[in-house]
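Enquirer: Start from the sequences and build out the full structure, keeping to the hints where you can.
The listed protein sequences derive, respectively, from chains H and W. Be aware that the first sequence starts at 1046, since it is given in my numbering, and climbs by one per residue. Be aware that the second sequence starts at 1046, since it is given in my numbering, and climbs by one per residue.
One should not assume that every hint holds.
Note: identical chains are not told apart, hence a pair may lie in one copy or across any two.
Stated by the list, open to error - Below, computed lysine to aspartate or glutamate pairings styled on EDC-like, alpha-carbon distance capped at 20 Å:
#1 Lys1407 to Asp1095
#2 Lys1159 to Asp1244
#3 Lys1381 to Glu1085
#4 Lys1084 to Asp1095
#5 Lys1323 to Glu1380
#6 Lys1103 to Asp1408
Hints were generated in silico from the structure; no laboratory data involved.
What follows is each chain in one-letter form.
Number of protein chains: 2
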Amino acid sequence: MFGFENMKISSSDAANPVINLDQGDPTAFQEYWMSMTMKERCVVVIPGWDLMSYFSDKTNVCWFLRQDLAEAIKALHRAIGNAATEERYIVVGNGSSQLCQAALFALSSLSEDKPLSIVAAVPYYSTYEEEASYVQSQLYKWEGDARTFNKPGPYIEIVTSPNNPDGTIREPVVNRGGKVIYDFAYYWPHYTPITHRQDHDIMLFTFSKIAGHAGSRIGWALVKDIEVAKKMVQYLTINSIGVSKESQIRATVILNELTKSCRIKSESFFEYGNEKVKTRWESLRWVVDKTGDTFTLPDYPQAFCNFFGKSSSTYPAFAWLGCNEDKDLESLLKEKYVLTRGGERCGSDKKYVRVNMLGPNKDFEDFLNRLLTIKYPNCFEEIPCFEP
Amino acid sequence: MFGFENMKISSSDAANPVINLDQGDPTAFQEYWMSMTMKERCVVVIPGWDLMSYFSDKTNVCWFLRQDLAEAIKALHRAIGNAATEERYIVVGNGSSQLCQAALFALSSLSEDKPLSIVAAVPYYSTYEEEASYVQSQLYKWEGDARTFNKPGPYIEIVTSPNNPDGTIREPVVNRGGKVIYDFAYYWPHYTPITHRQDHDIMLFTFSKIAGHAGSRIGWALVKDIEVAKKMVQYLTINSIGVSKESQIRATVILNELTKSCRIKSESFFEYGNEKVKTRWESLRWVVDKTGDTFTLPDYPQAFCNFFGKSSSTYPAFAWLGCNEDKDLESLLKEKYVLTRGGERCGSDKKYVRVNMLGPNKDFEDFLNRLLTIKYPNCFEEIPCFEP
Chain H
1046 MFGFENMKIS SSDAANPVIN LDQGDPTAFQ EYWMSMTMKE RCVVVIPGWD
1096 LMSYFSDKTN VCWFLRQDLA EAIKALHRAI GNAATEERYI VVGNGSSQLC
1146 QAALFALSSL SEDKPLSIVA AVPYYSTYEE EASYVQSQLY KWEGDARTFN
1196 KPGPYIEIVT SPNNPDGTIR EPVVNRGGKV IYDFAYYWPH YTPITHRQDH
1246 DIMLFTFSKI AGHAGSRIGW ALVKDIEVAK KMVQYLTINS IGVSKESQIR
1296 ATVILNELTK SCRIKSESFF EYGNEKVKTR WESLRWVVDK TGDTFTLPDY
1346 PQAFCNFFGK SSSTYPAFAW LGCNEDKDLE SLLKEKYVLT RGGERCGSDK
1396 KYVRVNMLGP NKDFEDFLNR LLTIKYPNCF EEIPCFEP
Chain W
1046 MFGFENMKIS SSDAANPVIN LDQGDPTAFQ EYWMSMTMKE RCVVVIPGWD
1096 LMSYFSDKTN VCWFLRQDLA EAIKALHRAI GNAATEERYI VVGNGSSQLC
1146 QAALFALSSL SEDKPLSIVA AVPYYSTYEE EASYVQSQLY KWEGDARTFN
1196 KPGPYIEIVT SPNNPDGTIR EPVVNRGGKV IYDFAYYWPH YTPITHRQDH
1246 DIMLFTFSKI AGHAGSRIGW ALVKDIEVAK KMVQYLTINS IGVSKESQIR
1296 ATVILNELTK SCRIKSESFF EYGNEKVKTR WESLRWVVDK TGDTFTLPDY
1346 PQAFCNFFGK SSSTYPAFAW LGCNEDKDLE SLLKEKYVLT RGGERCGSDK
1396 KYVRVNMLGP NKDFEDFLNR LLTIKYPNCF EEIPCFEP
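Expert: In C-alpha cells form, the structure reads like this:
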C-alpha cells in the first residue's frame, strides 16, 4: 500500500532528506523522454470535443478498449517477442492491479467452489495480499505462500516473472491443475533476457514499468478464454465503467514509439533502459561488495536474450536487499532516512527489504552513500560512476 | 451493467438501426465543444516526458490528486453554488462509480457491525445494486429498497438527487442515524434548479454528466471526515493505484472553462445545456401527450434556481417513461429496436423504463418517431422542432 504515515521521520533534515524507495515509482526513465531526440516526439494533443463517449468499440468484448491501443500492444509484443497475442482477447485496465482483481473476480465467479484460494510463492508482491483481502470477498481468499499451500480443491496461483520483489525467474509451484495468473510486468528486455515468447491463458502487462509512464494507469491482460475475458470486462465495467480514453491515446502513441525505436539501436528505448538499470545494479553491487558481508543481493544467471541477440543477466526493477545479521533492515535503513518495503510485507523475513531501482538519479546515489555509511559511519568514499 | 448481449436484435436493418438509450452516454453536449466559439479552446497538449509518476502530492491525503484539479473543482462549485467545499477532503476517482465503492469500503471498514446494510429508495440507479453485490464483500450487503428497509443496526443509504432514473429531488428516507452517501451527479443547473448549497459528509460528483466527458472517467468526492477520506484513498490505492493523470489534466482545463463560461451568458455551457435538455423534454412530452394515455412521464415542480436567478423545472438526464397498461415496456420498445433500461433493474416495475436523454440528436429524434408508431403504427407525423 502507498501509505505515507511512515514518511514522517521527525529528524530528517535538509542535509538528509527522506529518500522514498518504498514504492516503485519508475521516474528514472524520464531522462530518455526528455532527451534531444525524444523531447518533441510523442506529444499528445486532445481537443475539448474529443473522447467524450464511454464507448470505444461496442462490437469488442472489451467495449472500452480503443482499437488503436489494441494494435499498438500487439505490435510491441511482436517486436519484442515476449508474449503471444494471437487468438487472445485484450482487456485494458486502470493499471495491472485492477486487472489482477478483475482476473480474481472472473476465475472465482466461474468456479464452482468458493471461496477460491489465492496463493503466490514467497517472497511475493505485497500488493497481491492486499488486492485479495481488502474487500473481504466471499469469492476468493488469500492463502499466502504457494510453496506451503496444501488445501485441497481449486485455487489461483499468481506467478510474477521476473519476480517482484526478488527478480527471480518464476514458474508455478503448486501444479495441481489450478488456474494461474501470470504477471509479466517486468518481462521486458531492459530488465531480463527474453528467452521465449510467453504463451499462457492469462497474462498481465503494465504500461507503468515498460518506459516509466506510471501516472497513466494503463495495464492490459492477454486472455485466451472468452468467458474469462467477459467476466473481467464485467468487473471493470462495474468497478470504474472502463478506462480513461486520454490515457489510452497516450499509451498508444508511446507504445508505437517504443516499437519504432527498436529498429534504430541508437534510439532504442530498450537499449537505453538496459544500460540504465545495468549500471545502477553495478553501482549497487559495488557498494554491497564494499561493505563486506553486511548486505546480500541475489545472483541472477546469464541467459540468451532473443531480442538483443546476446547473452545477458537480469537487472530487476527492485533490489531484494538482505542483511547477513538477524536485523530489521527496513528499520535500519529508516534510521538513514531511506524508506523501503520490509520483507515481512512480502511474506518473507524482516532481514530483507525491497528497494526501488527506478527512482531519480539523485535519490539512487544518496541511497548508495547512506548504505555505505551503515558499515562505515564516517565514510565519504566516492562511489564509482557506472552511469553510461 | 453495460452488457451488449441484448443489442443483437436479429431483424434490425438499415432503415431501423438499433438505438441504444440504455446507457447514459452523454454525447449530446459534444456539439457545444465543437462550436466555432469552443472548438479551439480546451486543447490539452501532453509531451511524452510528462505525468510519469504515480504521485501528485505526497503531502495530500489523496496523494494522486493533482492540485490544479482540486482548485478547478472548488472554483466550479463556488461559481455554481451547488456544494460546500470548505473544510473537506477532495478524493478523485475513476468515475464516481469507483468512488461510491470506495465510500462503501470506507464506511463499512470503520463500522463495528459488518456486513453493513446498503439501501437506496426505489427506483434506484441499477448500478448501485451491482456495485454493492458483485464481489460478495463481507463488509457490506445490498438490502434493496430503503423505503421497506427495517433491519436494526447501522446502514448506508445512497441518496441520488435529482434521482437516477426518475429525476425526483430526494432526501434520505430511512433516517435512523445511518450513514448517507449523496450522489449529486445531476445537481447541476442545466438539469435542475440549484435551490441551495449541498453540505453533507460524503458527496459524489462526476465529470461525465456535467459537460459530457464520460470517456475521461473522472469523479470526485467531497468528504468531511479525514478517516473516511483516508479509507477511500486506501481503496483507490489498492484498486487502481490512483487515477489517470492525463484525465485529471483534461478535467482541470474543461472545468476551468466551464467556470469561466458562467460569466458570459452567450457562451455559458449551463445556459446551452439547459436549453438543450429542456427542448428535448418538450419534444418528448409533446410525443407522450400525442399518444393519449399510452405513456406516462413524471411531473417536476418549479423551483427558484439561484444560479440562473429565475424559477425553472427539472430536466433530468434520463426519462422515466411508463406505460399505462400493464406491459413490459422494455420489450415493447425493443420491438422498435430501441434499447432502454427496464424498471425492474431499478427495483421498480417492468412497466417503466429509463431512457437516456443525452444521446445524439438523430437517435433522440428516431426514438420519438418510433415511440409515436407504438400508438399509431402508420404515423409519419412531423414532430415539432423544439431545438433552440
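Enquirer: So, for every hint listed, does it hold in this structure?
Expert: Against the structure, the hints:
Taking identical chains as interchangeable, the C-alpha atoms of Lys1407 and Asp1095 lie at most 20 Å apart only when they sit on different chains, with a minimum of 19 Å there against 39 Å within one chain. Taking the shortest Cα distances, Lys1159 and Asp1244 never come within 20 Å of each other, neither inside one copy (27 Å) nor across copies (42 Å). When the C-alpha separation of Lys1381 and Glu1085 is checked against a cutoff of 20 Å, the pair qualifies neither within a copy, at 39 Å, nor between copies, at 52 Å. In this assembly of identical chains, the alpha carbons of Lys1084 and Asp1095 lie at most 20 Å apart only when taken from different copies (10 Å versus 25 Å within one copy).
Taking identical chains as interchangeable, the C-alpha atoms of Lys1323 and Glu1380 are never at most 20 Å apart, the minima being 28 Å within one chain and 64 Å between chains. For the identical chains of this complex, Lys1103 and Asp1408 are inter-copy neighbours only, at 16 Å across copies versus 46 Å inside a copy, given an alpha-carbon limit of 20 Å.
In this structure, the earlier hints numbered 2, 3 and 5 are contradicted, and the remaining ones agree with it.
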